[in-house]
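From first to last, the protein sequence lines are chains A and B.
So in this note's numbering, the last spot in the first sequence is 195, and the numbers never skip.
So in this note's numbering, the last spot in the second sequence is 380, and the numbers never skip.
Heads up, a few of these hints could be off.
[As the list claims (entries may be wrong)] Simulated pairs of lysine to aspartate or glutamate, EDC-like, Cα-Cα distance not exceeding 16 angstroms:
#1 B:LYS262 / A:ASP20
#2 B:LYS378 / A:GLU17
#3 A:LYS10 / B:GLU291
#4 A:LYS10 / B:ASP294
#5 A:LYS7 / B:ASP294
#6 A:LYS48 / A:GLU113
#7 B:LYS242 / B:ASP142
[To be verified] The following label-pair restraints were derived from C-beta to C-beta distances:
#8 A:ASP4 / B:VAL289: 26 to 34 angstroms
#9 A:ARG104 / B:GLU207: 46 to 54 angstroms
#10 A:ASP146 / B:MET306: 57 to 65 angstroms
#11 B:VAL289 / A:THR28: 22 to 30 angstroms
The set of hints was computed from the structure by calculation and includes no laboratory data.
Because the structure is a prediction, the values reported are computed rather than measured.
We treat Cβ as the ideally placed atom computed from N, Cα and C, and that holds for glycine.
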Amino acid sequence: MKEDLVKDIKNAVINSEQTDIFGSKNDTLEEACSRYLMFKGYRVVSPKKFNYTIKKLDDLIHYFYSLHNNKHPEKFASSMDLGRDRATAKELVEARMIATGVGREYALNECGEIIKTIIDNEDKFKFKYNLSFSVFDQKKLKWIIDSAVQIINKDFTLKEEEKAKILRRKAIELEDDEELGFEDLDELVAKLEEE
Amino acid sequence: MNFNVSTDSIQRAIKVLGVVVRANAVDATGRILIEAKDNSVMFMANNGATAMSFVANDVDINEPGVVAIAYSKIKSFVSSFKPWSEEEGSGAKYFRFVSTERVTTVEVDNLYSTGKSSTGELKLANSNPALIAKFPEFEKIDFTLNSTIFRTATNKVLYAINPQTDYNQAALQGMNIQFEDDSIFFAGSDGVVLSEYQIKNVSERIEGNVILQYDFVMGLRRLLADDIPLLWEINGNRVSVKFDEIVYTGRRIIGHEFPNYKPALEDYTDYINLSKEFLMGALYPFVDVLESEDNFRLTFEIKDKMLYIFNSQARIEAEQDITGGLNFSIDLNGKHMIQTIEAIKDDNILVKFSNSQGFAIFDSSTFNDQKALISSIKKR
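Here chain A stands alone, though its shape is the one from the complex (with noise of 0.2 angstroms):
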């Protein structure tokens, strides 16, 4: 089983070494990896789709100061220190992309989402200060984004549970007009554990 999966890994690679005329070849690499990730025993997650369209370390800073202005119209941000914004935005991206191995494509849309999720979140961080671009100073204010990210795992674990629950109950629903009885389940294996 693992030789097998280890040759589909290669034959993978192999493969999208192959260009293709029209675009459409199917990426088995991914799925070959997932397979292979999962016999090892890791749960493997699609990634996260965002909805931003950040492309640049511009876009990020752009991103953050509308999100602001509009959450906070009278702390209105007149200016700003582009040069350092760029700084500490290009530290943060490249902080992300060692942090998880991801691309900068992928890095710069998560720091999107940080920036919405302490935007968001404000008044859990309990800042001293107005807020501006340098909380994502890496060297002094880490914590802030690494609390940003616990949260946006929260609520992605939340929403996938949320997900399962639904996908579970419509299965029911299809599949037998009886209950089966799952939620009755958990509770016994609760109470199993705890004797």
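Let chain A serve as the given structure and place chain B on it in line with the hints.
This is chain B only, laid out in the frame that chain A set:
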């Protein structure tokens, strides 16, 4: 059912039906339907994907009827008798088919050149003829193609098609025939290599395209004799070709557009003209050292008026008439390259290119009607 059919006709019918019949199948796809009515006998087979009818007119019908019999049981019996020869005064003139409710008997009288005679008899169990689905009769001609031209076109294009391709484009599992102005374009591709053959349309002017299933094209190629007109009818998802006593029917691929590949064939910045003899001579030495685990990689490189073809194991360097300053390198599937150049019927071949991440385009230098395109392999 009771009729006589000439040896020539029954032998030809059995031979051509072999293209469609699944000889080893025990279900209806392994059987042929025989229907005697009016002044002809129709032999028919249907394997679900393709179907064929052969109408024999040199028959003598005593009692009309219809039966279905196993193809594998009759094939050798019918094929082993020599047809009647007036010159030699020997052979079998006809076969007699006599059917009762359960059994069909095939009888033949044979005369040897020595003047001695023999008789043969084969008893076959009848099957339910209703299980072999008949297809609608050939009604109208949508276009005509010469068999030699069709065979030449398929020789140029079929190698590029992989009917098992797992690409998202279902249309790539078939051969595209595109009617455009005064030309007909035949094209096939597996997504890595694409091959096109262009001919002048001298028959009916129709517009649009038809994508033929690979199996249908392969079957038709096996049936064709040289230089006969093929009459084509397109009706819904069905394509029929009529020639001689045969109507061959298959399905066309519908609901999927054949990708627009034409812009890619014009996407190049430079070209060189090489003799086919040279190219084949330079490529054949690699046949045994092309690595399947490396996409049969072969590097095609032009540098300082020299042409280099190499992989990790072999290398060819050749002096060619190449414009100075033209430097280019691309990695291609060597098997596709050999097949592509072999398929072009010309003494000289144009090789067009623009960059190492793109395509290499090949064409007949004289006629410009046999274009092909091979996509690159990423360099390491």
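So, going through the hints one by one against the coordinates:
1. B:LYS262 / A:ASP20: holds, 15 angstroms
2. B:LYS378 / A:GLU17: holds, 5 angstroms
3. A:LYS10 / B:GLU291: holds, 14 angstroms
4. A:LYS10 / B:ASP294: holds, 10 angstroms
5. A:LYS7 / B:ASP294: holds, 14 angstroms
6. A:LYS48 / A:GLU113: Between LYS48 of chain A and GLU113 of chain A the Cα gap is close to 10 angstroms, so the pair holds against 16 angstroms.
7. B:LYS242 / B:ASP142: Distance ~11 angstroms between LYS242 of chain B and ASP142 of chain B Cα, so the pair holds.
8. A:ASP4 / B:VAL289: 26 to 34 angstroms: About 28 angstroms separates the Cβ atoms of ASP4 of chain A and VAL289 of chain B, which means 26 to 34 angstroms holds.
9. A:ARG104 / B:GLU207: 46 to 54 angstroms: holds, 47 angstroms
10. A:ASP146 / B:MET306: 57 to 65 angstroms: For MET306 of chain B against ASP146 of chain A, whose Cβ atoms are near 58 angstroms apart, the range 57 to 65 angstroms holds.
11. B:VAL289 / A:THR28: 22 to 30 angstroms: Taking Cβ atoms as reference, VAL289 of chain B and THR28 of chain A lie about 27 angstroms apart, which means the hint holds.
Hint violations for this structure: none, all hints satisfied.
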